[in-house]
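Novice: For reference, the chains in residue letters:
There are 2 protein chains.
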Amino acid sequence: MTVLSDKPRATRTDAEPRIDVPALEGVLLGRWADARREVRALLKDERLHRVEGQTMAEHRETVLAQLRLLAQEGDVLRAFPTALGGADDHGGSLARFEEVLVADPSLQIKAGVQWGLFASAILHLGTEDHHERLLPGAMSVDVPGAFAMTETGHGSDVASIGTTATYDPATEEFDLHTPFRAAWKDYLGNAALHGTAAVVFAQLVTGGVNHGVHAFYVPIRDEGTGEFLPGVGGEDDGLKGGLNGIDNGRLHFTHVRVPRRDLLNRYGAVAADGTYSSPVASPGRRFFTMLGTLVQGRVSLHGASLNAAKLGLVVAVTYGNQRRQFRGGTQDEVLLLDYAEHQRRLLPRLAQTYAATFAHERMLRQFDAVFSGRADTDTDRQDLETIAAALKSTTTWHALDTLQTCREACGGAGFLAENRIVGLRADLDVYATFEGDNTVLLQLVAKRLLADHAKEFADLDAGAVARYVAERAADAALHRTPLLRVVQTLADGGDVRRSAGHLRDTETQRELLTDRVETMVAEVAQALRPAMKAPREEAAELLNTHQHALIECARAHADLLLWEAFTAGLATVEDEGTRTVLTWLRDVFGLTVIERNLAWYLIRGRLSGGRARTVTSYVDRLLTRLRPHAQDLVDAFGYAPEHVRASIADGSEERRQDEARDHYRRLRASGQDPVPEKSAGR
Amino acid sequence: MTVLSDKPRATRTDAEPRIDVPALEGVLLGRWADARREVRALLKDERLHRVEGQTMAEHRETVLAQLRLLAQEGDVLRAFPTALGGADDHGGSLARFEEVLVADPSLQIKAGVQWGLFASAILHLGTEDHHERLLPGAMSVDVPGAFAMTETGHGSDVASIGTTATYDPATEEFDLHTPFRAAWKDYLGNAALHGTAAVVFAQLVTGGVNHGVHAFYVPIRDEGTGEFLPGVGGEDDGLKGGLNGIDNGRLHFTHVRVPRRDLLNRYGAVAADGTYSSPVASPGRRFFTMLGTLVQGRVSLHGASLNAAKLGLVVAVTYGNQRRQFRGGTQDEVLLLDYAEHQRRLLPRLAQTYAATFAHERMLRQFDAVFSGRADTDTDRQDLETIAAALKSTTTWHALDTLQTCREACGGAGFLAENRIVGLRADLDVYATFEGDNTVLLQLVAKRLLADHAKEFADLDAGAVARYVAERAADAALHRTPLLRVVQTLADGGDVRRSAGHLRDTETQRELLTDRVETMVAEVAQALRPAMKAPREEAAELLNTHQHALIECARAHADLLLWEAFTAGLATVEDEGTRTVLTWLRDVFGLTVIERNLAWYLIRGRLSGGRARTVTSYVDRLLTRLRPHAQDLVDAFGYAPEHVRASIADGSEERRQDEARDHYRRLRASGQDPVPEKSAGR
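Just so you know, the protein sequences line up as chains A and B, in that order.
So the first sequence is numbered by the UniProt record's numbering: it starts at 1 and just counts up by one.
So the second sequence is numbered by the UniProt record's numbering: it starts at 1 and just counts up by one.
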């Protein structure tokens, strides 16, 4: 626990019930608390910290050096097999990785490119020969590598990339080729400068047949000179909105010869004579199986963006608890956090951050179960992928929104780089569109919800929609577990309208949130019925007409996921005072979700006008109750000053306030205090 | 007019009705179209453009040089009196100033500091002697100057600043002094490096009486060496989240002697013997009169942030009209802008941008009338201030939201600095809190609405609330014109519920939007009644309890202002086709405002559940209708490629798409096209 202010705060000591901050910190750190604490201790080291004001070139070199430092001291290989020097510790490895953000998001993402994408692709898409030959260099960063999947012309639609790898049995090589400008690989970390190899995704063609996207290991630069190898070319992506410690760039290939053994062949192999074989018969399913290993990126971006939101809230809440502006009813100026609007801006976002923390812990456990092989069925993987899609999109947006709100809540001081929020926000910006564009991910979630829903109705043939879904996004036919059942144990129905008075009641909130998802999905499914038997073009048009509604379904589902995780998390809190405060916080989260969608509940008669009015006033009451606990709630994130590194949150604001008050006190005592004009001469 | 794509677009030529783009451009440029066109022509000059990737130090020097270039070639002095080399052209000057943003927001704000704040304070707060002695250097930038009002400890609450200027009749000097760290001047452009003088705001004390905040002209640096003058000190604010071409910094003063004549004495003068006099008897009113000259900052930030939103929309809409991703029902991949969700993201923001453009033109005319003296009563000024507060807050937030949405709509390409959106967003960030924190400004608006409302009720004594308002924000007693009457001619009542079916009907929209403001204000006023006679502390607490509701009133009022301006603007459009399309766009604006607040209308019985459902579906239908006109609507902003300077909006995306399509066409024609695996062997 870290109390960033060293003064006793009346607001905290007066508050009943109280939060047991160290115990809550333990709850929030979750199963991998030791791993997180260990890496946080390392991350106090200023050699790993972002140096504000560096040029792009300097920042890139700093981050490369930091990456190598991390390779030496950071215990970064835990996700790799024990046999290869790792620890088969998937959850712990991701937990550690997420924490790196507090040093510099560029370092986190550079590490993600190297170990989470480049080395991980060799591990998951390659086989023994690749592991032996190629992994050591990737793991040690002797070979910095790029993950060359996205092309200028195709980002979200990976299946349509233009790069080809055509097998030539005469030489037992693939001819790797970029046929046009839109097929250049783009936005790749390590591509502009540091990468000496890349895992390149290309359409595998052999014997005149295109077997779809496969991955190839391709050296791209001479390790000595740093020059591109023959046939390889590229370009620097240049300055970006953030993450400028990473050398993103473009690559293209002109008939580069790739030896047959450098096809990463776990899911698709080519024999010397050109015969193709795969353990996964369906090309569509094979594609999604290969891409499925990318889920760790989404899981970890969820955790990392959550950590950015936490840092922003630590800064803004701490400052809001020390900064005063305008006189209220009393002589003293008012603390920012005592303003109702300031509470409205910060505390619901704090509530969602807590919800996402509990949801993240759940997801990380699921991830660990899947990747350790303990629970690794197709269904397990697909559940994980859907949940990761829902949470990654929701929380990366939440982090941006929270950081911006925190920035504004700190006024002009929030705009200074020294207070960190603007830098974090700039870096986090791209999290909303990389590793899966948020809008595209929400559509995947919606389609899964729809597929779950559709088969429950005998008269609703999933035909056209399922085909459509399958071809563009995910194999819907495989989705057998209704997702709602995965995330919660459905409560007994009851009369929603009657119980809506008890808004603080857990079951009422659950019913309202669950009902919304189910009803929205049912409504969209109904609307899409004509698409089932319609020609492809008409079906696509109908689906497009309801695209916004589909995305709203997915958002509603993500809200429910967060709420259920928060609610389940409450049960793990032993201290009664802490649990009471967290229950208020959970209520704020649940009720602000309901408040945001109040029109929906009113239109469908789930809430009466009278009940609906009480939502906002009840939220306001909860915010007042939570206000004295705000500092404890951010202190429980457990960040040390070396992690926060924001000068407005280091207690100096409070010292400035004290100094000013002392000045005026002395002035009054001296009798030299000038009289205000309006009092003069009376 | 500038068509950023040189290809004929089916979507445009097929669309009926059609927009007369050049004519619409003229409408949007407004009364000062010539001024805007002239400065836009100048701003094509790359010497004035932002050079991406510069260090902070380089950027600052570039912007200073650009500022001097602007002083020579930019006709920047039009707002100054003709007698002093200006043109007494207030509206035109601001219109020109707003346009500078397209070159680099840092240049715009640096110009704003120099001419809009520093020189303008000398003009408006000083008298003839100051104009003669001090204005020429400020106008020519021979004397770069800082506007030293904000302190580290007091930003929004200017009245409470700590710096003092104590008159000493013995030497006829003021003793300017910073008594503690929180009273350092902070965030001042030109303070870190370039400023050789400053207009410093301090509490004027003479004869033991504090006459409140006044402005003083104070040299701060030696013009030759650049060193601080004796008694002056400071600090660099360092790197910021944006606007790094401006050298923001801190200043402090240790018993600096300021000659009596350097008090800017238009609203408060001190005689040689120390006798204070002012043409404005009330200290509160005097304070707000002095600060009132700041309104031009808010007016111009409204226009500038609007221009940033326009640039973002030009880029995102142009790209969305050329970029394709995922196959739909047909062979071709789908244009991003054909996706319903993409339309949902961009077009309502385009609609609000249009609304704000019309509102800006209105406000600029009001500004011109006030500052030219043509309509310069207290009421005129206060109306202008309230409208500027409402619009500045709403539109600076709108610009940030729009730029972020545009960034995400361009995917990874949107994150590259070369496509400009991230840079604009980073620069615009601080617009939400400088020149009046948006949340504080909305409270000013709400208090004005409340004051207007309160006096209409005989039994509602404005006493306590008015006092409260007067002491903290603005002299409420002066507000005699109900603001709603200023912004619109109220339509005949009618039955709102009955007419709600005609959602596209102008009067229905007006009634719904107006009714919301009036009802909300009446509800808050009712809730605040007990505050009227309550002790100060209780009154403050009650006001705080309703702070969020007050801010919501102000937002609702701003929505109405925008809608009324858009509606009035429609009447100025002569071309029928253009007017039809703009009416749809106005409807999208009005109905998305209603959609956002649907719960409010439902709870209060203004809309039935059935009617409410139709809002969203009608918006969707309008978006479909507008989609073919999207390019015309952004082309009508009239920006040339030299203004936009985004590589994804220069037609290269379309060329890449064409090249890829040609490749596949040739491949199919050659018979060498590999067969997809799923079709092979059938």
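For the record, the hints were derived by calculation from the structure and aren't laboratory data.
Among these hints, one or two may not hold up.
Which residues of chain B face chain A? A partial, calculated answer using Cβ under 7 Å [said to hold, decoys possible]:
(1) E52
(2) G155
(3) A159
(4) D175
(5) A182
(6) R344
(7) A432
(8) W584
(9) Y618
(10) D658
(11) R661
(12) R666
(13) A669
(14) G671
(15) A680
Idealized CB from N, CA, C, for every residue including glycine.
Novice: Each of the hints needs a verdict: does it hold here or not?
Specialist: Now the hints, each set against the structure:
Hint on B:E52 holds. Least Cβ distance to chain A is approximately 5 Å, under the 7 Å limit. Taken as an interface hint, B:G155 checks out: its beta carbon lies about 5 Å from the nearest beta carbon of chain A, inside 7 Å. The beta carbon of B:A159 is not positioned within 7 Å of any beta carbon in chain A (closest approach about 9 Å), and the interface hint is therefore violated. Residue-level restraint check for B:D175 is violated (minimum Cβ-Cβ distance to chain A is 12 Å; threshold 7 Å).
Because the beta carbon of B:A182 sits about 4 Å from the nearest beta carbon in chain A, less than 7 Å, this interface hint is met. With a cut of 7 Å, the hint placing B:R344 at the interface with chain A holds, because the nearest CB-to-CB distance is about 5 Å. Annotation: B:A432 was flagged as interfacial toward chain A, and the flag holds, the nearest CB pair being 5 Å apart, inside 7 Å. The beta carbon of B:W584 comes no nearer than 18 Å to any beta carbon in chain A, farther than 7 Å, and the hint placing it at the interface is violated.
With 7 Å as the threshold, the beta carbon of B:Y618 stays out of range of chain A, its nearest partner Cβ sitting at about 13 Å, so the hint is violated. Look at B:D658: its Cβ only gets to about 10 Å from chain A, farther than 7 Å, so that hint breaks. Residue-level restraint check for B:R661 is violated (minimum Cβ-Cβ distance to chain A is 9 Å; threshold 7 Å). Interface hint status for B:R666: violated, as the beta-carbon distance to the closest one in chain A is roughly 10 Å, over 7 Å.
Taken as an interface hint, B:A669 does not check out: its beta carbon lies about 15 Å from the nearest beta carbon of chain A, beyond 7 Å. For B:G671, the interface hint is violated, since its Cβ never comes within 7 Å of a Cβ in chain A; the closest pair sits about 10 Å apart. The closest approach between the C-beta of B:A680 and any C-beta of chain A is roughly 4 Å, which is under the 7 Å cut-off, so the hint is satisfied.
When the structure is compared with the earlier hints, violations turn up for hints 3, 4, 8, 9, 10, 11, 12, 13, 14 and for no others.
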